[in-house]
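Undergrad: Below, each chain spelled out in residue letters.
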Amino acid sequence: MTVQRVKFYQTGSFAVGNRLLDPAQRSTQARMDRANSITSGHRACQGCGEALAARYVLDAASRATDGQLVVVNATGCLEVFSTPYPESAWRVPWLHSLFGNAPAVASGVAAALRARGRTEIRVIGQGGDGGTVDIGFGALSGMFERNDDVLYVCYDNQAYMNTGVQRSGATPPAARTATTPAVGPQPGNTFGQGKSAPLVAMAHEIPYVATATVAGLRDLEAKVFRAMQLRGARYLHVLVPCPLGWGSGTGETIRLGRLAVETGLFPVFEAERGEVVAVTPIRRRLPVEEYLRPQRRYAHLFDPAVRSDVIERLQAMADRNVRRFHLEGKR
Amino acid sequence: MNTPFAITLRVGSSLANKTGAWRTERPVYVDRMPPCNDACPAGENVQRWLYHAEEAGYQEAWRQIMADNPFPAVMGRVCYHPCQTACNRAQLDESVGINAVERFLGDEAIRRGWTVPVTAPPAGTRVLVVGAGPSGLSAAYHLRLRGHEVTVRDAGERAGGMMRYGIPVYRLPREVLDAEVARIEAMGVRLELGHPVTDLAAEMRDGHFDAAFLGIGAQLSHRTYLPAGDSARILDALSVLRTIADGEPPRLGRRVVVYGGGNTAMDVARSARRLGATEALVVYRRTRDRMPAQPSEVAEAEEEGVQMRWLSTIAHAGRGSITVEKMRLDDTGYPQPTGELEELAADSVVLAIGQDVDRSIVDGLAGVEVRDGVVQVGPDMMTGHAGVFAGGDMVPSDRTVTTAIGHGKRAARHIDAWLRGARPARPPRPPLATFDRLNTWYYSDAPATVRPRLEPARRVSTFDEVTGGLGESTALYEARRCLSCGNCFECDNCYGMCPDNAIVKLGPGKRFAIDYDYCKGCGICVAECPAGAIEMVPEPR
Numbered sequence: 144m145t146v147q148r149v150k151f152y153q154t155g156s157f158a159v160g161n162r163l164l165d166p167a168q169r170s171t172q173a174r175m176d177r178a179n180s181i182t183s184g185h186r187a188c189q190g191c192g193e194a195l196a197a198r199y200v201l202d203a204a205s206r207a208t209d210g211q212l213v214v215v216n217a218t219g220c221l222e223v224f225s226t227p228y229p230e231s232a233w234r235v236p237w238l239h240s241l242f243g244n245a246p247a248v249a250s251g252v253a254a255a256l257r258a259r260g261r262t263e264i265r266v267i268g269q270g271g272d273g274g275t276v277d278i279g280f281g282a283l284s285g286m287f288e289r290n291d292d293v294l295y296v297c298y299d300n301q302a303y304m305n306t307g308v309q310r311s312g313a314t315p316p317a318a319r320t321a322t323t324p325a326v327g328p329q330p331g332n333t334f335g336q337g338k339s340a341p342l343v344a345m346a347h348e349i350p351y352v353a354t355a356t357v358a359g360l361r362d363l364e365a366k367v368f369r370a371m372q373l374r375g376a377r378y379l380h381v382l383v384p385c386p387l388g389w390g391s392g393t394g395e396t397i398r399l400g401r402l403a404v405e406t407g408l409f410p411v412f413e414a415e416r417g418e419v420v421a422v423t424p425i426r427r428r429l430p431v432e433e434y435l436r437p438q439r440r441y442a443h444l445f446d447p448a449v450r451s452d453v454i455e456r457l458q459a460m461a462d463r464n465v466r467r468f469h470l471e472g473k474r
Numbered sequence: 005m006n007t008p009f010a011i012t013l014r015v016g017s018s019l020a021n022k023t024g025a026w027r028t029e030r031p032v033y034v035d036r037m038p039p040c041n042d043a044c045p046a047g048e049n050v051q052r053w054l055y056h057a058e059e060a061g062y063q064e065a066w067r068q069i070m071a072d073n074p075f076p077a078v079m080g081r082v083c084y085h086p087c088q089t090a091c092n093r094a095q096l097d098e099s100v101g102i103n104a105v106e107r108f109l110g111d112e113a114i115r116r117g118w119t120v121p122v123t124a125p126p127a128g129t130r131v132l133v134v135g136a137g138p139s140g141l142s143a144a145y146h147l148r149l150r151g152h153e154v155t156v157r158d159a160g161e162r163a164g165g166m167m168r169y170g171i172p173v174y175r176l177p178r179e180v181l182d183a184e185v186a187r188i189e190a191m192g193v194r195l196e197l198g199h200p201v202t203d204l205a206a207e208m209r210d211g212h213f214d215a216a217f218l219g220i221g222a223q224l225s226h227r228t229y230l231p232a233g234d235s236a237r238i239l240d241a242l243s244v245l246r247t248i249a250d251g252e253p254p255r256l257g258r259r260v261v262v263y264g265g266g267n268t269a270m271d272v273a274r275s276a277r278r279l280g281a282t283e284a285l286v287v288y289r290r291t292r293d294r295m296p297a298q299p300s301e302v303a304e305a306e307e308e309g310v311q312m313r314w315l316s317t318i319a320h321a322g323r324g325s326i327t328v329e330k331m332r333l334d335d336t337g338y339p340q341p342t343g344e345l346e347e348l349a350a351d352s353v354v355l356a357i358g359q360d361v362d363r364s365i366v367d368g369l370a371g372v373e374v375r376d377g378v379v380q381v382g383p384d385m386m387t388g389h390a391g392v393f394a395g396g397d398m399v400p401s402d403r404t405v406t407t408a409i410g411h412g413k414r415a416a417r418h419i420d421a422w423l424r425g426a427r428p429a430r431p432p433r434p435p436l437a438t439f440d441r442l443n444t445w446y447y448s449d450a451p452a453t454v455r456p457r458l459e460p461a462r463r464v465s466t467f468d469e470v471t472g473g474l475g476e477s478t479a480l481y482e483a484r485r486c487l488s489c490g491n492c493f494e495c496d497n498c499y500g501m502c503p504d505n506a507i508v509k510l511g512p513g514k515r516f517a518i519d520y521d522y523c524k525g526c527g528i529c530v531a532e533c534p535a536g537a538i539e540m541v542p543e544p545r
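Protein chains in written order, with my numbering: chain A, 144 to 474; chain B, 5 to 545.
If you want a taste of the chain A side facing chain B, the calculated C-beta under 10 angstroms gives, among others:
| id | residue |
| --- | --- |
| 1 | Gly155 |
| 2 | Ala158 |
| 3 | Gln172 |
| 4 | Ser183 |
| 5 | Arg234 |
| 6 | Arg426 |
Since the hints were made in silico from the structure, they are not lab data. We put the CB at the ideal spot given by N, CA and C, even for glycine.
Turn these sequences into a full structure, and let the hints steer you where they fit.
TA: Spelled out as structure tokens, the structure:
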């Protein structure tokens with residue numbers, strides 16, 4: 144019998160693992176010997192997307208660098224829930240200084256390693272959207288423009304969740320936070336404010352910028368591997384749903400990440416030296432309402448009356464992303 | 005305590021913090037009944053054998069089928085695959101081509117000469133099986149596997165029953181049937197053919213049999229009063245099919261009318277086309293959707309030029325022509341005559357209006373109940389006469405090969421228990437794995453493969469097999485379309501997606517465990533399990 148190569152593996156690359164694939168082709172997270180960079184017992188909320196994404200990123204980076212890794216963490220949920228003194232959930236060399244200086248500290252670690260001739264040890268800076276997009280943004284931009292040899296990862300849950308869900312520069316329009324309450328004629332966060340950190344990063348023309356979500360594991364791991372092949376400043380922006388701040392079911396975390404992509408609200412792409420080189424096309428496009436409805440931070444768009452005017456503006460944002468990033472191409 | 009400046013506590017791991025205490029609900033792994041298994045009249049564990057086939061473990065897959073059904077190659081051709089009707093994938097794109105994969109596995113086994121060893125120690129008991137059709141051979145096979153001495157007696161010259169004498173060769177080539185029967189014989193089942201059993205009690209006494217299984221089928225063509233002229237040529241469907249099977253086809257003429265709407269009617273009409281009839285017309289009293297024939301058979305018959313005349317009865321048959329009367333359905337769905345008559349040319353009329361059981365074998369057996377023309381059996385397939393079991397078309401049944409094979413298997417299990425004075429273990433029947441429990445995002449888009457089929461133009465001139473088989477790569481592809489509904493297939497989603505590392509991967513084939521010391525009960529694993537094999541339950545107090 145001639146055995147033909149069958150390019151269909153039941154779940155393809157959507158699921159975490161696939162017993163029908165060659166072990167070398169399987170994801171890092173499917174491996175029994177994965178690093179578990181952030182281990183059990185951390186105090187993240189039930190269904191935390193950030194805790195999950197941090198493990199995805201650091202396990203992949205550990206595998207890519209053979210464990211030769213130093214992690215610098217900004218203040219935020221990720222820091223607070225992982226290291227309540229004297230316990231630590233980290234199983235990687237890990238350093239925390241202040242809220243706004245993680246990119247600068249990471250640059251410093253990279254400089255120190257270079258000075259000692261230990262450039263085989265790689266540096267990752269990481270933080271939430273508050274520490275990255277707002278408070279640490281000056282330091283981050285400096286790290287980018289100097290092209291320091293650091294991969295900086297932003298886990299974007301779209302508000303300051305640790306301190307009680309205050310608006311950040313990454314909070315999307317119409318979302319309710321503690322500082323953008325659902326009151327008045329235009330409830331929730333204002334349209335036309337905030338910034339896209341990945342696009343700003345691209346403007347620095349650094350070697351690598353990518354976006355990903357906690358729902359696309361294989362894609363996320365591939366991007367970490369790609370980033371670790373390169374030297375210089377690299378930026379990875381990962382969307383991580385937050386059950387507490389978004390008002391979603393604790394089991395909905397992955398689904399919401401998926402819906403953010405499938406509606407077009409969160410474009411998933413890769414850029415090198417300021418140019419988009421790849422996008423993850425939408426598999427089954429859905430209206431934004433599918434993404435908004437399960438989240439209580441958007442509840443005022445549906446109750447007491449459906450605010451179709453606001454939903455249409457959000458849909459227009461999604462449509463623009465689809466056009467701008469060519470998200471409806473062939474897979 | 006010797007610690008650095010300003011440090012009062014030793015650094016410890018977060019593992020000291022048992023976050024499992026937060027939980028109010030907990031995930032648990034479950035195994036649900038896949039709809040394919042649930043629908044299989046032979047009780048095959050379809051999903052399990054597909055699982056082996058997905059890994060190209062064809063022999064293991066075949067052995068898994070053989071645990072329930074000794075006729076995979078026959079099944080892959082003649083089974084009406086209720087599994088595919090029930091398949092959840094139909095709601096996604098199209099059902100998994102289970103039947104096609106089964107045929108591939110069955111053919112592969114014949115080609116490679118795979119056999120089933122009898123490993124059970126001799127039971128020291130003898131069982132007589134009457135009838136070498138699907139139910140009898142299935143019973144014999146399963147009894148032999150359990151260590152019993154089995155003798156099969158059949159009036160026919162060759163084994164197979166309706167599989168040989170009822171199903172036309174273009175659906176089931178005889179070398180396939182022969183190979184699967186020979187494999188059962190090679191296991192030590194004695195076949196005594198050309199041996200009609202008329203006095204069951206005497207045969208059991210003389211042969212020192214401890215129990216008997218009857219599977220003689222329903223081989224008497226149902227008769228109906230049909231006003232006919234002396235010279236009208238009227239035949240019954242079973243004898244037509246039987247003479248074709250024996251290689252002496254009857255002269256049906258150029259215009260053949262088949263009366264009836266079941267699978268047998270389709271078989272006769274399609275055979276008539278192959279024997280040279282230019283017109284083959286099926287006359288049926290009711291409407292198409294009320295026909296008992298399988299839609300696939302009707303469609304294939306139509307492709308081959310068989311014509312259908314719904315809502316019609318034959319009022320009179322004469323020489324070279326028949327008179328049909330139009331019917332209409334009344335409020336209860338019963339056909340009523342309208343009085344409208346029409347004359348049609350017909351060289352012969354074949355009656356395919358049902359089959360009856362020859363009950364003479366149970367005449368004089370105390371306790372056996374015959375109702376509605378069939379022998380009554382209990383859930384254990386035993387007749388009212390202790391030690392005499394029955395199955396297949398002679399008991400209440402939908403009269404398919406697969407159901408008969410299932411009867412044989414069930415009877416064998418109960419005969420074995422009865423002979424050993426034990427109660428058969430009834431495997432638990434878990435709740436059904438319904439489509440709404442699946443997370444279908446994770447399955448690749450994969451439309452069904454189509455089996456090659458003989459061109460209709462060529463079909464009407466030969467008795468060659470109509471439907472072709474799948475090659476290795478297409479069979480593998482088709483197997484991999486299985487969604488594994490309700491049962492873990494080790495996709496690692498739960499292991500990979502737990503934010504708390506609370507899922508323990510136990511290794512290939514061993515699935516996973518949940519570390520409740522750390523599981524916070526978020527439910528991501530439940531939501532993202534493609535197969536719906538994890539369930540949230542309230543935390544036990």
